[in-house]
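Novice: Here is what each chain is made of, one letter per residue.
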Amino acid sequence: MHIQVNNAPLYCYTGGKALDAAKPTVVFIHGVLNDHSVWILQSRYFANHGWNVLALDLPGHCRSGGTPATTVEAAADVVIALLDAAGIQKAALVGHSFGSLVALEAAGRAPERVSQLVLVGTAHPMQVSPALIDASLNAPQKALDMVNVFSRSTLAPPPSALGPGTWIYGASMALGKKVLASNKEVNLFHTGFVACDSYRNGEVAMERVACPTLFVLGDVDQMTPPKAAKSLISKAKQGKVVMLPGGHHQMTETPEAMLKALVDFLQPL
Amino acid sequence: MAGYADPGFDTLALHAGATPDATGARAVPIHLTTSFVFESSEHAASLFNLERAGHVYSRISNPTNAVLEQRISALEGGVGAISVASGQAALHLCIATLMGAGSHIVASTALYGGSQNLLHYTLRRFGIETTFVKPGDLDAWRAAVQPNTKLFFGETVGNPGLDVLNTPEVAAIAHAAGVPLLVDSTLTSPWLVQPFTQGADLVYHSATKFLSGHGTVIGGLVVDGGSFDWDASGKFPELSAPYEGFHNMVFTEEASVGAFLLRARREGLRDFGACLSPHSAWLILQGIETLSLRMERHMRNTQRVVEFLAKHPLVSRVGHPMLESHPDHALAQKLLPRGAGSVFSFDIKGSRAQGKAFVEALKVFSHLANVGDCRSLVIHPASTTHFRMDDEALAKGGISQGTIRLSIGLEEADDLLDDLKRALRAAEKAEK
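Here the protein sequences come in this chain order: F and Y. Read in order, the letters of the first sequence are residues 0 to 268 in numbering that gives the first Met the number 0. Read in order, the letters of the second sequence are residues 0 to 431 in numbering that gives the first Met the number 0.
Looking at chain Y on its own, in the form it has when it is part of the complex (with noise of 0.2 Å):
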């Protein structure tokens, strides 16, 4: 069927979660209000006890930011979703909602720099520890599991040598071992993949990066598929039992689907805070609107820059699965039929000065630490976003000191590649 009742992907893009209100505004209002008046106190009484459902106080909901975790729960198939301050306290709400000390995750290799950071280092001060297997490395995967693993962790393509999760079978592994399949979205979107149609149980977005795609905000947003088991695993005390710092709530009876959201709003918007702005989450939506249109723009032009760089002589090595030399070729094009992204890393032949020289060289590109802009980026891993990470811990997420990583922008596609052919001319001038 088609229209209002069961709407496309396009049209949940522009209308899920949103409907003119009383003043009649079509766009979607922005809400900056800390706090909302209650009718009265028993009112009050009924939301804080959660037996009516509204707005209390902006950190823990908004009416905005409602919106937009109607708007992506709906583009990914799940079945709610919680918007926070960034993707890094998106996954941090994920792990600190289902584990505490003593807990184990098992985690792809190819990680973005920030995940890696929080989960080999930080987390491990909080007696959070994290076995990382490369991420096709399917018995790697079941042979890391230990008693206490709670957490399985990839991303859909791993930053930045786009190594494609074979989430459903990493999903099957997870799942045999009583734990959820958490996915981190960011570089593919909805618009590429739905993860929770794969297997995956939890996914989150830096939505500073495609959903957004104007550079203008910092968000993220976490969705419940809905489909992960609490009960049954029988790990996860934290939504199965009693739990005395919320009416000693047990958030699987509360929610037989769900019960991860409830207590992830309920204490860690609560307790860790980490809540997202309405303006910030308005300036996502209004980026969530054209996802569909500037996707297709930065497949496109993805696809050129890809088959420029392939047959460049100063190149060596291109690193996108929409090439035949990659080793995930096969099983992009079964799981991602629409394309791996348009963030993708390649290697210059020659030397570090090289390199340097190629990258500012560049003028239509810009040379920066971030991602899934509409403008064309640039950035030389090794030393910016993976720059705590030695020798062999980048070999392992596939990076080397002469790694490039791009993210194409929505630029004319030509002009992209005058931009890269200056740039390549200047680093074959460079000092070797």
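Pulled out of the complex, with its shape left as it was, chain F reads as follows (with noise of 0.2 Å):
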């Protein structure tokens, strides 16, 4: 479904069920040249088990319209007001790598609006090489192929999202091509590596946080390494850590330890 927030078209996938004012909402934020489709396994399975999924396209991504956002700060920003769009005091949040931040700034920045935070794949400060940040606006499929293998940890990825016999690696960079394709007059990849790159207000934000929130990492992941999730998780006052077997691909590299941690945080609301 589409909701008008900041006056554009903002994609979100519900897992095929209508918004119930009655029911929790969660929200999954996807991270750089990701859009909704890495949260389907996710949000298929809470759209089923009394949950609202606004699992959204970031503006300027792929099914949204609008305009890209250029900072985290930004970006969480059109977070809380998807929640005013949708008439939503409260949700859990729920994001990946880039869009750990956007979840950590928004529930910093709207406290009170946020039930339980979710940072998969996390760190702060999130820095990127000057090379692969040159890359991604220089030549950005030698930059999504050095991503890409920077976040696979296994060559035998179980079933996941496009269900048995999926290539995560080809997926994901077919996915990254499309997710650039989508924006002729932004470099989505660029855009995003830079404003990752430039978030220096984690801690900060992870100091206001009022709700649980659960760091979900992988134990070989390249990408976010898990010491660099140390500083946040430091400053969390109700943290919990899951430690994942595997790399950067949290959702399709291990969808079922990763779905585990969701249900076993969110559930007991």
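No lab work stands behind these hints: they were computed from the structure.
Among the chain Y residues that face chain F by a calculated CB cut under 8 Å, a handful are:
1) Tyr3
2) Pro6
3) Leu49
4) His54
5) Glu68
6) Gly76
7) Val256
Where chain F lies over chain Y, by a calculated footprint (3+ residues, C-beta under 8 Å):
8) 56 to 66
9) 78 to 92
10) 247 to 254
Don't be surprised by glycine CBs; every beta carbon is placed ideally from N, CA and C.
Two chains, each in its own frame: build the complex with the hints.
Specialist: Shown next as structure tokens:
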């Protein structure tokens, strides 16, 4: 469904269910050069287990209109504006990679609006090497390949979003190309990486977060190594850490463990 | 980079999709089971509702088949694959997923006889029409497009004349028309060409051939490159509109890439049911493990045989793009730098009886209806694989009554040349 946010249509996948004011809401926020589809399994599960689901395409990405946010702070404002537009007072926020910073910043800006916070594959600061930032601008295909190689931890991923027989590496490459091609005016790759690299407000935001926070990390994640989340974990007042046996593709390389972590954390409201 | 995280082709051919399981088995186990036990009623419901991923019933998916599907996806550079009962089942699954009655296909004239039959005769009965065009005639591809066209289809190298498909140009014409390009890459295998890098959108294989190599199994594989924008095309409500037959799912919303695979598996395997046995999947995997080694030898032997035949006085034509005389020589050099395959045809000077004498005198080459075996093979297309085609249709496919098709295997090249020499002598002595 599309929801008008900041005068532009924002696409949200709902797991095939209509929004119901009586149900709790979970918002899934994707990372750089991703879209809602990276959360398909998790979205469908929660949509069929008593939750409203809003898995958005960030502004200017794929099915969403609007201008892409150039900072984590601006993207966080979009998430809060989405809750306003959808008439949702309070929601759980789940973000992956860049999306984890967006979720964190939103929870810091509007702590009363966030019931639970889940940061998947997170780090602070989320530094991106100058070479990769440059490649994202000048050689995006090469940069995309580098990112997917760094994100991969196995040559034998289990069945995930597209079902058995999916080659996660190829699917991630194809998705990255599609998202990049979805915006002819802005290089979403470069914009996203610069936003990650320049965000410095994570620890301040974490201190303002009022709800329980779950950190879901990959034990061999090369994009956001677990040690890079330590500063945030130390600031979380109600923090919990779940370490998954994998890399940065937590939703697709370790989908069952990912789901269990979410269910265990989100279920007892 | 190199290593486990960024492996090369040969490493993927051995490892993609497979890792030792709980038993420690290093080789891929054969999961010969129809179905898989649910952890609970809740787990069962989640699997059926696509909230969790896993195996339910082996017509839809199976762990051994999934290894094969991941492996061919990795080798082709695709997002995923579906294994099916044969190459023909693969072609049918592609077409049946993308269209129904009232649709139209533009296809190359240089096709395997079975594919030509399916398009020209069988699918017409179901209301799907095909216009055939010479693979090298780009204007003809363009001119054949109709408002109801849903698919372009060709073979990387057309059977048996080895017309080289100009994949980048044909793909560009297809995309301008808002339709995907499906390519049969059976004769080239991903070792010779990865069609997605040249613009193709869907690739299929008769895995019976080079992928297996051992001539013991029938199977097919469909790979999705994930590049075609089904929504933007506007021609595929099968993927971009709610499907009542499966949870009212809009496949392109569920899968920003790979929507084709979702419907092909959830509808195609469920309803048409042309699934691959896990045992067959395992056999194909055994072949893929040595694909690089075999393809190198296939190509080396092919070069020796082609050079021999090209100089033989009883041979009027050798149809391999490695020869400058082949019309697609330059295109093959550009698109197929590792070679244009080891299946090709040649014409014997003389009568039909002499052609028959040639085939019957061969001892190392086996006279049978297959290609891509580790053993060298020979057949007379006009009386076998293409027997339903009249002279005009044969000519469109680059075949004459005297054409002999060879599939060069892995034997000692000298033994192959000796066999051919002897058979050509027998043909020379036969009744003219």
